[in-house]
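Q: The lines below spell out each chain.
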Amino acid sequence: MFDAEPFPEEEESEARLKILVPIKRVADPENANKVKVSADGTQVTSEGLEWAINPFDEWSLEAALRLTENRAEKKRTGEIIIVGIGPNDDGMMRTLRSALAKGAERGILVEADDASLDSSVVAKILAKIAEKESPDVVFLGKQTADGDSNVAGTITAEHLGWPLVNYATQITVADGGFTIKRELDTGVQTVSVKTPCVLTSSDRILHPSSVKNGITPDDFAYPESDHARTAPLRDIMKAKSKPFETITLDSLGIEAETTVEYTQFELPPARSGETTYVESVDELVQKLHGDAKVI
Amino acid sequence: MHSYYPEDLLAHAVNRYKADLRDMRFLMFEQFNLQDLLGKAPFGDWDQENIEMVISEIYKFATSVLGPLNQIGDEHGCKVVDGSVITPEGFKDAWAKLYEAGWRTVAVSPEFGGMGSPATIGILTDELLSGANTAFNMYPGLAMGAAEVVGHFGSDRQKKLFVQRMLDGRWGGTMCLTEPHAGSDVGASTTTAKKNEDGTYSIKGTKIYISGGDHDLSFDDNIVHLVLARIDGAVAGTKGLSLFIVPKRRVDDDGKNLRDNDVRVVSIEHKMGINGSATCVLSFGEDDECLGELIGEVEHHGMRQMFKMMNFARIGVGIQGLAVASSAYLNALEYARDRKQGSSVKDWKDPSAPRVPIIEHPNIRKDLLEMKAKVEGIRALIVKLSTHQDRETALAGKDDASAAYHKGQINLLTPLVKAYSSDEGFEICAKAIQVYGGAGYLRDHPVEQYCRDAKIFSIYEGTNAIQSLDLVGRKLGQAGGANTQAFLGDIQKFISANKDHELFADAIKQLQKAHEAVGGTVMLFLGWFQSGFMDRIPLVSERFLKMMSELAIGWLLLEQAVLAKEKLADVSDTHPDHAFYTGKIHGAIYFAKNILPTVVGTAKVISLADTSPNEIPDAAFGI
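Quick mapping for you: the protein sequence lines, in order, are chains A and B.
Heads up: the first sequence is residues 185 to 479, going by our numbering.
Heads up: the second sequence is residues 24 to 646, going by our numbering.
Treat the hints as calculated values from the structure; they're not laboratory data.
It is possible that some hints are incorrect.
[Stated by the list, open to error] As a list, the in silico DSS-like pairs of lysine-lysine whose alpha-carbon atoms are at most 30 Å apart:
#1 B:Lys83 to A:Lys220
#2 B:Lys372 to B:Lys389
#3 B:Lys279 to A:Lys259
[Claimed, not checked] Chain A regions said to be covered by chain B (calculated; three or more residues, Cβ under 8 Å):
#4 225–235
#5 279–288
#6 411–425
[As the list claims (entries may be wrong)] Cβ-Cβ distance ranges computed for the label pairs, FRET-style:
#7 A:Ala454 to B:Asp59: 50 to 58 Å
#8 A:Val444 to B:Gly136: 45 to 53 Å
#9 A:Leu451 to B:Lys363: 18 to 26 Å
#10 A:Thr447 to B:Gly136: 51 to 59 Å
#11 A:Ala454 to B:Asn56: 23 to 31 Å
#12 A:Gln470 to B:Gly460: 28 to 36 Å
Yeah, the Cβ is synthetic: ideal placement off N, Cα and C, and Gly gets one too.
Just chain B, same shape as in the assembly (with noise of 0.2 Å):
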């Protein structure tokens, strides 16, 4: 076979993603104890010492085929070669080796050929591939995302044709939103489905930035569009939309390819980062051949069964800041152990003290710590949220009230774990450059790579300002409010418990502070929307929801705090959970003294009700 590549490139690619699977351990089995969980229905194949073998395994396989081709995919990117798209080397080999070992397969239900694992596996298995290779774990994410929608809304038919196939690697998958003009604002998308006589629809349209729009890695060469598009004479807006499944070539009902569907791909981007991701314009229905099935064959129901992909995704957003900052981190600590410059800041009069490594230096302890406690907050916070989804599936049509709790508390944290960890997962990429210095603007070093590849992930699935606004618009109020009491209520009822602890008392004056001042602000904004003061809500709803994510994870790390010195007590200061332990108590007391103090302070800008980015005229922004 030609090859688009220069020789041996594979043979020099190295790993450098790193990743803390102890924390990993700790958050399943000591903080949120997924235990309970295990060893029945529908959890019955399950227990710890299977998922402690997954997760391992997994890392294995991100570190050995993932890891080398991160670098080669950044570099190299994709190529269009006679209207297809070619994948980076290694990533085809990469595609076969990941679903022959059935990864990607972990939480899926039994129903479609999965192993049926708690979502918390599901979950943390997305960190290790996500973390290895951002760009190459978008194309087997989004087929599976697109093939949990058909899962949940597909005909019978539908189902048992495209949802294994989806899953195991034969096709691949995507979502089609985006217009040129409909961004954002998904309702003024203008591509078209006409009813044909025989119930299919024929397609027309461009759609652009669609991830993994085409590709060269899917077994049987298809790949399934699920389009969003407006059936002849539906209304305007994103009311009128209906769903599509659009494969790229027509099969018949035993899925065998039989023809071009005329999907063209038109161009892909040249991008910031995830290089080795293919994000392409694509064009349905140019010579008017291309043909689509309705999801579930009802029509104008497209924006709802698309959020049940948004949501799957958001998470997944959430997934990938985490991913690349927890190894930007571990990568930051590494090298800051080991380069030597400068003397301590103790023998700052003797010119000749030796040079010391610069994690003894105290503005890096400060750099790392930072990094260290918003990593394992944000980890603990999208884990927090996987094991309500693991609870509420546990509940489900057991204890209908108890599920429903848990339901809102997903419905809640998700637009923070999307938006949260996205800007703060660039952030810490950000962090670990300035750790580095000056190498780690280079090449050499993989933390560049990171901070690029992360910007995306504040952008696409709906922007972090819509996450926002998400939150604050649709979440808080949701079910009456009672979503967002509870969340509060779990907190307060954790700072009564512990606020004469011996050791976290002031730390955990600080949580109250910040729990008031959430609690403050979600107050004003009722009486803001009472007042109809809608235009102030944007110019500080990502504020709040930073506030509001700061407060969950000052909690779930002063949570972990508190079960870490108890943990302490039976540790040996040789062992090496001693120092695991020690990490949480130091992580936690710095978080709650150096960030949650912010949250008041941000509660303090909002209610001083600023509306000057609305006051001020166009013109006078600048020339």
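Isolated chain A (complex conformation) (with noise of 0.2 Å):
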């Protein structure tokens, strides 16, 4: 564990945590229904589609912020770096401001076709950039909101040979790397992992003491909230000084190769909007069960 003290000046910076933090855009969760499939069925059209973070890239950006500040005195303690992986286009530089005016130092974007990634391609690129970069964590969201694949950070830890964990909810900076609690189906797991390490989270990483830094005091507790922090209006007007490097696939010596092919997608069934009441939970029970068979 970190001092809660203040660290003098030299020692400070060994300890600054540097995270590279992938954020993706997605068709805005809210706005789903404006999704459309294209007209042959091989893939889902992004024209005039409202941007938004990842909501899971949004959970670990929060968690990565966590580590690298002194809440309590509204200090950056260490660095965060965006990579955007995507097309040099308005949603994705404003999804990618936007995590730099909640508190990341810097960005980058690698340009590509949208059509050109899935998560194999992904994955390249994430290990090519931290090899660059060494951070001490690669930390993104257990999965995305549109592919649901739940698999770039595990190939990302592979390429790089990193520990991996997945699904951290409760994460403490232990010496040389962390203690973190992981959520399963079973019950609660605790695993400690040395950096550099590959990690990824959940929304459970909002809970108000769900990360200890050493640095931010232990007893400081986060608001209680179903959301990640907003870019206060300063931020947001700084952040478009903050450096920002965009680069091509060509220059990381990747082909974007895909291996994963999409042969057809569907739209979910319209609901039929019918409404069934029933006389008592039992047979609500049965309705759900043997019928809808939902539960």
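From the two separate chains plus the hints, produce the assembled complex.
A: Okay, structure coming up:
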């Protein structure tokens, strides 16, 4: 554990955590009804979508911010590098800038077509950037709200040969790494991991005392909220002037060769909106379990 | 800390606020081309990207922090405990988050710690904050209005001591005009100020209807009241009034609270709506210990100074009307798409026809389209006004003639924004209840609260009758009528350029007729003024304000529609913008053909010059 007392200058610089946080922009889940499938059914069209940060990435960014700050004194104590992969358009830039506005130190955009990306290509890119930047942590959302593949973090760790901890719900900075609680179907598992490592998290990371970094006092409680922090006005205005780099796949020596081929997309069937009234809980359970087979 | 509220109140709170950010973007960057002013002085720090980011972050804040507190504030209201106002549960936390995020100072000058955005961004910020929680937003809104007055008229010392503290949440602020016998007739005020040897004044009197007159929100537990009072020996009426800074607690020059300043909360009012906002009766100087200082150290300029705040507040009330009406409409729309009742009118002979969502019923569609056209038209009118403000700011000192044109339009449009938006805002909320049917009358849905909250908008900050007299008696003739001529000229230009439009020629014909009706009525009024028929004006001025507002809105909606038609050519029909632009076209045509003809009818009514309300004896009104 770090000492809770302020560090002398030089020690503090040694202790600065450096975290790479990949950010994907996805069709705004609040407006998911605007998502459309192309006429031939082979792709989801992105035309005219309202873009938003992938909510899972928003949570991993929140965790990374908590790891690299003294919240009680409102000071940044580490470094976060945002990585976006995709087209260099307004939706992408707004998503990345809003991450910078929340506190990340700098950003990288790897320009690529959405259609030429899958989890495998993304993991290659992230591993390449991690090799270049040597962060202590690559911190991903456990999945994206659009593809739901849930593997980019795992493949990235494999490429790097780094340990991986998925589904982190509580993180405590420990000597040379972290003690992490993971919430699984079977219970809560506590693991220790050394840096450098790859982490993924879920929404439980928003809990007021989910992250103990030894710098923000341990008794400090983040606000009870279903949402990650929002960027204050002053920091939105500053985001424009933070270092930002745009690079190409070529410059990383990566070919965008996807391993997954999507053959067919279908929109979920429209709901009938019919209402069925039930007389008792037993009947409700019967309907949900026996007829609708949803429980 | 002892809680005055049931446990778990906050845990069950839900947001019902909705706003249309696409329409805001359309106004800023497609219709009124705000981007022309960005990236250079005085808006050098601003560009389209950070504006959109700010608006979307504020919307998140509005829906996640303020929205869930709206019903709590309504149902639990404010309380007076030991002589102090306790605001509803959650308000204090929301205040802290609001100022931490900085949303109140988006458009505030950097001189006072703000970000100096165009006024338009401040206006849209206010829509989002007011719409999510009208009652809450009054506390910071009034503090800001009062700070603007001190910032504008205060001495250097007063600016330094008060303004930033009132803008960053440390201190609250109010405006204290009304007294039991001095409401609309503010010149009848009896609060007195007696000059002391050290230059301060001893204030004594009672003020009523003071919004945010006391609260527990400000970080440093102080509230700066701006109090209209008459210095001993000053003349009667409004000309004898002076404006004083009267803090709840006396402060030293470093802003440290020294002692209680003898400002007492006598009681708070129990109201129809905005229950989360404490409406106070305040008593100043009961123990002769209430000290105030003269703003800017000039005597008898109180009304002029207060008008600065009044204009700001009047536009603010227009925004309140828009804000709740917009959310009422969007909630009603969602309900109409979901609620099934009855079969399609096309199947009226078939009793076994499937039930359809009520949005398929023509009368509901008509209500929804009218609400849509009015909400978007009012928003366009307000943003038109704010872009005049921004252009005036950008042109001041560079092109005085153009700046004067914009200034003139601001003056002319302010009463329209205040009165039309507040009258129609209330009507739109009522119509939203109607769309819900019986469900809308219940507290399970947000629209009945919107309706109750909205009623006050047509009353405070100068009743809408006063707005209409301000328009007809003062604004129409201002600058020798040049502002009115410029306004009518702008609309005529649009009509001439588009009168043969392939799609909108019919609609624009209605605009032309409404334009002639408004122009003709202005000439009629001129004749009445010249003939001394003053007593006729108050009988019709509200009607005229409505006519002129609807002319302006018809124009702005048709301007949108012409633009939308052009843009549609480049948008595939699966693109969400396709529906957006199509909506603009239908809204404008509906307004032109269903509302603008009533402008012509109203002109006819006014021309009849009926004076029966003036002629009927009082006793003849009834028992």
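Q: A separate judgement is required for each hint: does it hold in the structure or not?
A: Against the structure, the hints:
no.	hint	result
1	B:Lys83 to A:Lys220	holds, 25 Å
2	B:Lys372 to B:Lys389	holds, 23 Å
3	B:Lys279 to A:Lys259	holds, 27 Å
4	225–235	holds (count 5)
5	279–288	holds (count 3)
6	411–425	holds (count 10)
7	A:Ala454 to B:Asp59: 50 to 58 Å	violated, 44 Å
8	A:Val444 to B:Gly136: 45 to 53 Å	holds, 52 Å
9	A:Leu451 to B:Lys363: 18 to 26 Å	holds, 22 Å
10	A:Thr447 to B:Gly136: 51 to 59 Å	holds, 57 Å
11	A:Ala454 to B:Asn56: 23 to 31 Å	violated, 40 Å
12	A:Gln470 to B:Gly460: 28 to 36 Å	holds, 33 Å
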